[in-house]
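Participant: Each chain is listed here by its residues.
There are 2 protein chains.
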Amino acid sequence: MTSTDKSSGQGKLFIVGLGPGPDKWVAPEAREALEEADALIGYKPYTDRVPERAGLERFPSDNRVELDRARHALRLACAGRKVAVVSGGDAGVFGMAAAVLEAAETGEADWRALDIQVVPGVSAVLAAAARLGAPLGHDFCVISLSDNLKPWDIIVRRLRSAAEGDFVIALYNPASKARPRQIFDAFELLRELKDGATPVALARAVGRADERIILGDLALIDPGLVDMATLVLVGSSETRFIPRPGGEKWLLTPRSYGAGR
Amino acid sequence: MTSTDKSSGQGKLFIVGLGPGPDKWVAPEAREALEEADALIGYKPYTDRVPERAGLERFPSDNRVELDRARHALRLACAGRKVAVVSGGDAGVFGMAAAVLEAAETGEADWRALDIQVVPGVSAVLAAAARLGAPLGHDFCVISLSDNLKPWDIIVRRLRSAAEGDFVIALYNPASKARPRQIFDAFELLRELKDGATPVALARAVGRADERIILGDLALIDPGLVDMATLVLVGSSETRFIPRPGGEKWLLTPRSYGAGR
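From first to last, the protein sequence lines are chains A and B.
Sequential numbering from 1 applies to the first sequence in the UniProt record's numbering.
Sequential numbering from 1 applies to the second sequence in the UniProt record's numbering.
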C-alpha cells in the first residue's frame, strides 16, 4: 500500500513482519517502521522482540485476541498515532495483516481512509526451507492446520487437493496444547494419499536457540514430535534427501519434474 | 544448513535471496554474506544489484544457465573461495538453491562436503501481498507457469488441484517472450474452474520504479497485461476487495472460512 495517503491526519499504521526470530532476518523496512512508530501492538512474544526506547508506548496482548488488537491499532492510528502492529514471520501469512483489514472492512469509515502499510518479512516456511536445503525448488502449498477459524472439512479438502496436485506441503500452526489432534489426523490422511517414502521435515524454531530439525519419511516420522513452533514440510513425489559426508542430509525438490521417469 | 562445517578447506558457498528489488527488503544476513564473499555469481540483473567493492570478483551470467552457474560456484568454493550465488526474491523459491543442490547431488564428492548456507529472502509473493493488503491471510499455493523444466500437464494438474482446494493461487514466471501462451492457457482453465467474480491482482515489479498494479476479476482481467516481472494472484472463494475512500482498494482473504454462508 502507498505511504502517501495522509487523508486521516498524521496517523499511520504499519503492519510489520519480524521474521522467524533472529535479527538477521528482520528486513530494513521493518526496522525503519519500528523506529518511526510511537505505539507498538502485538502478541507479547513478538512485542518482546522490539527493543524498549523512549517514545515507544507498548501494548502487548495475549494470543487469540487478534481483532481486539486490530481495532485498538486502528483507533490509535485514527487519533494520529504512528502505530506498529507486529507479527512473527511475514505479517501477511496467517499474521496480523488480515486481522487489521477485516476490522477495517466492517469498522468506522475513517479506518478505511487510514494510511496502512504492510511491511513484508521472511516467513517461517522460507527460513525452514533455507535451513533444510532447497525443498521449495518447485510448486508448493502453505496450509494452516488451525481449525479455530475454519472448519476441519476445508483443511481436509485442501490436504487432499495438495496431495492430488503433488505439491510440496508446508503446514503452519500444526499443533497446540488446545489442538493436539490435528497433526495426527493430517498425517493419517497424508499417509493414505501419498507414498510412505515421501521425505518429511519437522523444522522447529529455525534460527533460534532452541532450534531442532527432524528428518524422516512420511510413513515413519512421529507427529507427536510436532509442537506450535514447528514448521512441517511434506515433500512432493520428486523431493529427496541428498546424503552428505558425516551423515548430514540436504532436502531437495528439483526444478525439473518427471525427469527420471 | 549449519555454517560450522569446514570439512572442505576454507571455502564457503552462500546462496542469497536479494528480495524483489529495493534495498529495504534485503535482510541483514544477506548483506553480511555479500560482504564476506570474494566471488559473486548470478544472473546479471541480480549481480548488478550488489555494489562493486575491492576484493569481490564478479561473474555475471545469462539467464537459463543455472546449472553451469551452480557448478562454477561449487568449483570455486571447493578451491577455497567464499562464493555468493544470488537470486532475486528468495533463493529457495524457483531460485538458485535448488540448482546448486542438484549440481552438488550428482557432481564431485567434495561438493557435498562443502559448507553451503542458504540465506532466505522476501519472496515476490510476500512483497506483492503486502503491497495489495492481505490476500494471503488464508491457505495458498505457489506455482511456476514455466514449462522449461516440467511438462505443461503437471502445471494443468496443479492449477486444477489448487482450484479444487479453493486455495489462493500465486503464479510465478507467468510469461516471457519465449513463452507468451501459458498465461492465456492458465486463465482459460481457471475461468472454467472458478467463479468469474474471483478477485485477481497483477502485481508487476512491486517495490521498483516501474511498479504497476492492476486489479480486476477473473472473468474480465486481461492476461495480455502480464509479463515476466508480474506476480499474478488469483483469489479463493473468500477473497474480496475492500473499497476505500478515493477509489483505492485493499485485497483481503480473511482468516476465517465460510463464515458468511
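The reader is advised that the hints may include incorrect statements.
As the list claims (entries may be wrong) - Cut-off 27 Å, straight-line C-alpha distance, at most; resulting in silico cross-link-like pairs (DSS-like, lysine-lysine):
#1 K24/A with K82/B
#2 K24/B with K44/A
#3 K44/B with K177/B
Since the hints were made in silico from the structure, they are not lab data.
Participant: In ascending order, which of the hints set out earlier in this document are inconsistent with the structure?
Facilitator: No numbers; nothing is violated.
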